[in-house]
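Undergrad: Just so you know, the sequences run in chain order A and B. For what it's worth, the numbering used here labels the leading residue of the first sequence as 1, then goes sequentially. For what it's worth, the numbering used here labels the leading residue of the second sequence as 1, then goes sequentially.
The hints are simulated quantities; they were obtained by calculation from the structure and are not laboratory data. Watch out, some of these pointers could steer you wrong.
Subject to a maximum C-alpha distance of 30 Å in a straight line, what follows is the list of computed DSS-like cross-link-like pairs (lysine-lysine) [to be verified]:
| # | chain 1 | residue 1 | chain 2 | residue 2 |
| --- | --- | --- | --- | --- |
| 1 | A | Lys273 | B | Lys380 |
| 2 | B | Lys105 | A | Lys273 |
| 3 | A | Lys438 | A | Lys358 |
| 4 | A | Lys86 | B | Lys482 |
| 5 | A | Lys86 | B | Lys413 |
| 6 | A | Lys438 | A | Lys474 |
| 7 | A | Lys411 | A | Lys438 |
| 8 | A | Lys212 | A | Lys133 |
Partner residues aside, some chain A positions facing chain B, computed with beta carbon under 10 Å [said to hold, decoys possible]:
| # | residue |
| --- | --- |
| 9 | Pro47 |
| 10 | Pro53 |
| 11 | Pro57 |
| 12 | Met306 |
| 13 | Phe424 |
For clarity, every value in this text was computed on a predicted model and none was experimentally measured. Where a beta carbon is used, it is the ideal one built from N, C-alpha and C, also for glycine.
Residue strings, one per chain:
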Amino acid sequence: MSAYDGLPGDWQLVVGLEVHVELATQTKLFSASPNRFGDEPNTNIDPVTLGLPGALPVLNEQAVELAMRVGAALNCTIQPCTFHRKNYFYPDMPKAFQISQYDQPLNIDGYLDLPNGVRVGVERAHMEEDAGKSTHIGGAGGRSHGATASLIDLNRAGVPLVEIVSRPDIHSADDARAYVNELRAILLAIGASDAKMEEGSMRVDANVSVHKPGTPLGTRCEIKNVNSVRSVGRAIEYEARRQIDLIESGDTVRQQTRHWDEGDGRTHTLRTKEDADDYRYFLEPDLVPLAPSAEWIARVVAALPMLPAARRTRLAEATGQPADSDAVTSVVERGQDDYVLAVAAGGGNAARALVYVKEAFADSPAVPAADLAGLTLLEVGGALTATQAKAVLAELVANGGGDAAAIAAAKGFEAMDTFALEGFVDEAIAADPDAWAKFCAGDGKAMGALVGLVMKASRGKADGKLVAQLLNQKKG
Amino acid sequence: MSADSNDPGTPTASAVAAAVRAGTTTAALVVEQHLAAIAARESEIHAFNLVLAEQARDHAAQIDAAVAAGNDPGPLAGVTIALKDNMCTRGVPTTCSSKILDGWKPPYNATVVDVLRDAGAIIVGKTNLDEFAMGSSTENSAFGPTRNPHDTSRVPGGSSGGSAAAVAAGFAQVALGSDTGGSIRQPAALCGVVGVKPTYGYVSRYGLIAFASSLDQIGPFTSSVEDAALMLDVIGGHDPMDSTSIPQPHPSLTEAIQHGVEGLRVGRITDLPEGADPDVQERLEAAFDALRAAGATIVDVQVPAFTFGLTAYYLIAPAEASSNLARYDGVRYGMRVEAADTNAMYGATRAAGFGDEVKRRIMLGTYALSAGYYDAYYGKALKVRRLIHDDFERAYQHADVLLTPTSPTVAFKFGDKGDNPFAMYLCDTYTIPTNLAGHPAMSVPFGTGAEGLPVGVQILAGTLQEPVMFRAAAALEREANK
Numbered sequence: 001m002s003a004y005d006g007l008p009g010d011w012q013l014v015v016g017l018e019v020h021v022e023l024a025t026q027t028k029l030f031s032a033s034p035n036r037f038g039d040e041p042n043t044n045i046d047p048v049t050l051g052l053p054g055a056l057p058v059l060n061e062q063a064v065e066l067a068m069r070v071g072a073a074l075n076c077t078i079q080p081c082t083f084h085r086k087n088y089f090y091p092d093m094p095k096a097f098q099i100s101q102y103d104q105p106l107n108i109d110g111y112l113d114l115p116n117g118v119r120v121g122v123e124r125a126h127m128e129e130d131a132g133k134s135t136h137i138g139g140a141g142g143r144s145h146g147a148t149a150s151l152i153d154l155n156r157a158g159v160p161l162v163e164i165v166s167r168p169d170i171h172s173a174d175d176a177r178a179y180v181n182e183l184r185a186i187l188l189a190i191g192a193s194d195a196k197m198e199e200g201s202m203r204v205d206a207n208v209s210v211h212k213p214g215t216p217l218g219t220r221c222e223i224k225n226v227n228s229v230r231s232v233g234r235a236i237e238y239e240a241r242r243q244i245d246l247i248e249s250g251d252t253v254r255q256q257t258r259h260w261d262e263g264d265g266r267t268h269t270l271r272t273k274e275d276a277d278d279y280r281y282f283l284e285p286d287l288v289p290l291a292p293s294a295e296w297i298a299r300v301v302a303a304l305p306m307l308p309a310a311r312r313t314r315l316a317e318a319t320g321q322p323a324d325s326d327a328v329t330s331v332v333e334r335g336q337d338d339y340v341l342a343v344a345a346g347g348g349n350a351a352r353a354l355v356y357v358k359e360a361f362a363d364s365p366a367v368p369a370a371d372l373a374g375l376t377l378l379e380v381g382g383a384l385t386a387t388q389a390k391a392v393l394a395e396l397v398a399n400g401g402g403d404a405a406a407i408a409a410a411k412g413f414e415a416m417d418t419f420a421l422e423g424f425v426d427e428a429i430a431a432d433p434d435a436w437a438k439f440c441a442g443d444g445k446a447m448g449a450l451v452g453l454v455m456k457a458s459r460g461k462a463d464g465k466l467v468a469q470l471l472n473q474k475k476g
Numbered sequence: 001m002s003a004d005s006n007d008p009g010t011p012t013a014s015a016v017a018a019a020v021r022a023g024t025t026t027a028a029l030v031v032e033q034h035l036a037a038i039a040a041r042e043s044e045i046h047a048f049n050l051v052l053a054e055q056a057r058d059h060a061a062q063i064d065a066a067v068a069a070g071n072d073p074g075p076l077a078g079v080t081i082a083l084k085d086n087m088c089t090r091g092v093p094t095t096c097s098s099k100i101l102d103g104w105k106p107p108y109n110a111t112v113v114d115v116l117r118d119a120g121a122i123i124v125g126k127t128n129l130d131e132f133a134m135g136s137s138t139e140n141s142a143f144g145p146t147r148n149p150h151d152t153s154r155v156p157g158g159s160s161g162g163s164a165a166a167v168a169a170g171f172a173q174v175a176l177g178s179d180t181g182g183s184i185r186q187p188a189a190l191c192g193v194v195g196v197k198p199t200y201g202y203v204s205r206y207g208l209i210a211f212a213s214s215l216d217q218i219g220p221f222t223s224s225v226e227d228a229a230l231m232l233d234v235i236g237g238h239d240p241m242d243s244t245s246i247p248q249p250h251p252s253l254t255e256a257i258q259h260g261v262e263g264l265r266v267g268r269i270t271d272l273p274e275g276a277d278p279d280v281q282e283r284l285e286a287a288f289d290a291l292r293a294a295g296a297t298i299v300d301v302q303v304p305a306f307t308f309g310l311t312a313y314y315l316i317a318p319a320e321a322s323s324n325l326a327r328y329d330g331v332r333y334g335m336r337v338e339a340a341d342t343n344a345m346y347g348a349t350r351a352a353g354f355g356d357e358v359k360r361r362i363m364l365g366t367y368a369l370s371a372g373y374y375d376a377y378y379g380k381a382l383k384v385r386r387l388i389h390d391d392f393e394r395a396y397q398h399a400d401v402l403l404t405p406t407s408p409t410v411a412f413k414f415g416d417k418g419d420n421p422f423a424m425y426l427c428d429t430y431t432i433p434t435n436l437a438g439h440p441a442m443s444v445p446f447g448t449g450a451e452g453l454p455v456g457v458q459i460l461a462g463t464l465q466e467p468v469m470f471r472a473a474a475a476l477e478r479e480a481n482k
């Protein structure tokens with residue numbers, strides 16, 4: 001068993017991801033039509049989108065700015081760049097060429113750090129226009145093969161994309177998933193894209209190969225149609241095993257583009273290298289080179305918000321929880337970390353606030369930070385048990401805030417003094433001498449029975465931790 | 001109507017506009033005169049793919065109403081204009097003289113069309129051209145050739161043959177053409193009119209149906225240098241819809257031609273490719289003499305890469321064309337030939353829709369850009385292009401303008417070069433290098449050659465040096481009219 005995600009023997013997985021992201025601009029990359037998902041088909045169009053004779057592209061400044069933001073967030077060098085034509089015939093590509101960037105992309109040589117510390121190189125993040133959308137009627141699985149008719153919606157044609165190409169630095173399906181998740185979090189944080197895989201505003205292609213350490217890299221296959229983070233992992237795992245099976249049975253891997261079928265959980269040949277298009281790239285003569293000024297680049301870099309990794313570190317330090325813990329990652333992902341820090345800044349307990357926020361606030365917290373701070377203080381100060389605190393929290397959420405102490409009092413949650421508590425403990429020992437004997441003999445499980453009795457007698461007002469402390473003292 | 005557009009009796013466009021603005025004549029009258037000329041000779045010449053008589057009359061009425069109401073219809077008020085049929089006109093068929101655009105009506109106007117209308121010019125029709133502007137005789141039109149008004153057994157040149165013929169025949173006072181490798185200047189020379197290819201980016205290309213985007217440029221045909229200056233003053237300028245249009249104001253050419261050529265350095269290219277006919281060469285020498293007499297100095301310069309222009313052009317232009325013309329696939333507009341599946345439909349549509357010359361260039365360009373051939377062909381052509389540009393720049397350190405023949409020959413007979421593409425390509429030997437350099441150049445009629453046919457002299461200048469180019473042109477015109 002290798003260290004790489006369950007591949008047999010000492011096979012090593014090598015994955016590079018190409019992620020297409022639709023930029024959240026008002027208008028298209030080269031025309032004034034709205035960039036909007038879900039509208040009536042073929043309504044967001046114009047002569048440029050339709051590729052009408054004589055129409056010319058004009059570069060969208062907002063798209064450039066967002067693409068630069070992506071580059072800056074991925075630690076890329078932002079450089080002077082040019083646009084090329086990528087020529088191919090397809091009915092949803094109205095000009096029969098896509099305007100893309102080729103040998104001089106906007107962003108190069110960056111990296112992305114995964115939460116587990118793995119650094120994945122980013123070779124480039126270049127700008128290009130999206131194609132339209134084809135819907136095939138009558139073909140199997142919505143594919144063109146065997147279709148009786150094809151419908152074309154050009155609303156998406158010309159929508160600005162950034163294609164983020166990673167280096168082949170990913171060696172497990174988990175890391176591939178983590179890369180996609182982290183990239184998505186970054187794109188959301190910087191407002192570059194809504195990054196919805198289910199709506200196609202973020203699309204992942206995976207270049208997968210396998211080899212044994214110390215040997216040259218294997219032949220890769222490109223996997224397309226991977227439409228969710230879960231499929232990213234599944235498709236890569238399937239493809240790696242397929243390639244290993246081929247090699248181990250004495251066959252060879254042929255360079256191919258393969259289609260991931262979510263239904264049968266397999267990849268299928270789309271086209272082989274031999275029948276790949278010759279795109280005949282050449283410099284787009286209708287556009288001029290783009291050279292963002294140093295001032296513009298500096299402005300974009302300076303305006304970047306704190307990125308998810310830094311925010312996780314910050315929250316981890318404030319709460320004492322690990323940066324890759326579920327609580328920290330999900331609270332940062334939901335953008336609630338500033339709130340937790342505000343609770344702490346208001347004198348509250350950050351660790352308790354983190355737990356409350358993660359569990360009680362799916363959306364933005366609707367309780368003033370000061371009120372939650374009050375609650376965390378009551379709990380850590382021993383005035384409320386965890387169970388009681390939860391009940392008060394529910395009340396705070398329902399009322400949109402309030403004085404935690406007053407709510408606790410109204411509910412009759414009084415802190416039990418140690419004298420009263422000791423009485424309950426003594427009663428419990430008397431009531432279940434068997435358990436007491438076992439507990440004294442070192443059976444930890446027996447403590448549960450005793451605590452349960454105290455809780456019952458105190459009608460839940462006793463602090464479990466304090467009870468355990470008293471029992472241990474009495475055991476001596 | 002006389003075919004001699006240099007007849008001093010023909011009023012200039014600026015004179016007509018002045019009279020219309022002053023109310024001493026009407027746009028309606030101007031339009032009727034030109035429609036009458038069209039009625040008299042168009043069946044013989046075939047300058048137009050479409051005559052817009054009713055639209056022109058309506059527009060003339062609007063202009064006359066504006067003048068009557070005390071409003072100024074603009075610097076081209078009542079000036080009739082013919083548009084090469086590769087410029088988009090809203091709701092009016094725009095064909096590129098190709099079957100593949102059959103039935104297509106653009107939903108928008110080219111920028112020049114809007115600018116001309118705003119200036120008061122009246123569009124009388126869309127003119128014939130070699131299909132997609134690929135050719136030098138207008139014989140490649142899917143709708144039949146245009147004939148030279150000076151001799152209808154001869155070609156008018158191309159690709160903007162219809163526009164050149166329309167001005168020469170008096171069908172319109174001015175016309176617009178497009179020039180990718182000489183398509184304005186060569187037909188201007190063959191038809192005896194003025195034709196200008198401005199600096200690349202001088203005039204917006206938005207709505208000009210592309211042949212080779214990095215070379216295409218719109219320019220005017222006129223019967224005088226003054227009219228050409230006026231036209232460029234109106235249609236020149238930055239257009240935010242065309243990223244390659246030059247984002248800076250340009251000086252008035254109407255003002256520039258008030259100045260003479262005293263002290264101007266006129267360059268003779270000593271290593272110019274040979275091949276011009278003796279009658280054409282003789283007129284070029286006369287042009288040098290005329291400019292010297294007018295006070296210019298003649299200097300010798302070398303432009304070594306000039307001679308490689310043709311070869312580089314026939315890689316770069318077809319390469320861009322192969323991409324620009326890929327959109328004519330039968331999916332969204334124009335002709336569609338139904339077939340079993342999408343790829344078969346593409347093939348059948350393009351086989352039926354494009355003519356031989358267009359197919360030849362698409363294949364040539366596709367090949368030049370293909371993996372494994374790019375470096376040897378397209379890539380090398382780009383290097384030659386840079387070399388040509390640099391050689392010209394060096395020459396312009398010694399000369400303000402350069403003089404060459406526009407066309408190596410006077411207008412030739414139909415069919416003379418029809419089955420020899422390379423002979424046809426040689427027509428543009430002297431015009432092509434300018435497009436590769438992005439520089440301006442113009443053809444000015446300068447007397448006649450064999451059979452009394454017009455000869456044009458080409459004046460070349462550096463980037464945005466239109467003012468000095470026009471000064472030389474005006475001087476040549478004055479000498480020609482002496």
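Undergrad: Taking the hints in turn, state whether each one holds.
TA: Checked hints:
For the suggested pair A:Lys273 and B:Lys380, the alpha carbons sit about 28 Å apart, so the restraint of at most 30 Å is met. At most 30 Å may separate the alpha-carbon atoms for a hinted pair to count; B:Lys105 and A:Lys273 exceed this at roughly 41 Å. Our distance criterion of 30 Å between C-alpha atoms is broken by A:Lys438 and A:Lys358, whose separation comes to about 38 Å. Between A:Lys86 and B:Lys482 the alpha-carbon distance is near 56 Å, which puts this suggested pair outside the 30 Å criterion.
Under the criterion of a C-alpha separation no larger than 30 Å, the hint pairing A:Lys86 with B:Lys413 is inconsistent with the structure, at around 42 Å. At most 30 Å may separate the alpha-carbon atoms for a hinted pair to count; A:Lys438 and A:Lys474 meet this at roughly 14 Å. Under the criterion of a C-alpha separation no larger than 30 Å, the hint pairing A:Lys411 with A:Lys438 is inconsistent with the structure, at around 36 Å. For the proposed pair A:Lys212 and A:Lys133, the alpha carbon gap of about 40 Å is over 30 Å, so the pair is violated.
Checking A:Pro47 against chain B by beta carbon gives a least distance of about 5 Å; that is within 10 Å, so the hint holds. Checking A:Pro53 against chain B: minimum C-beta separation of about 4 Å stays under 10 Å; hint holds. At its closest, the beta carbon of A:Pro57 sits 7 Å from a beta carbon of chain B; the interface hint therefore holds under the 10 Å criterion. At about 36 Å, the closest approach between the beta carbon of A:Met306 and any beta carbon in chain B exceeds 10 Å, and the interface hint on this residue is violated.
With a least beta-carbon distance of about 82 Å to chain B, the hint placing A:Phe424 at the interface is violated under the 10 Å criterion.
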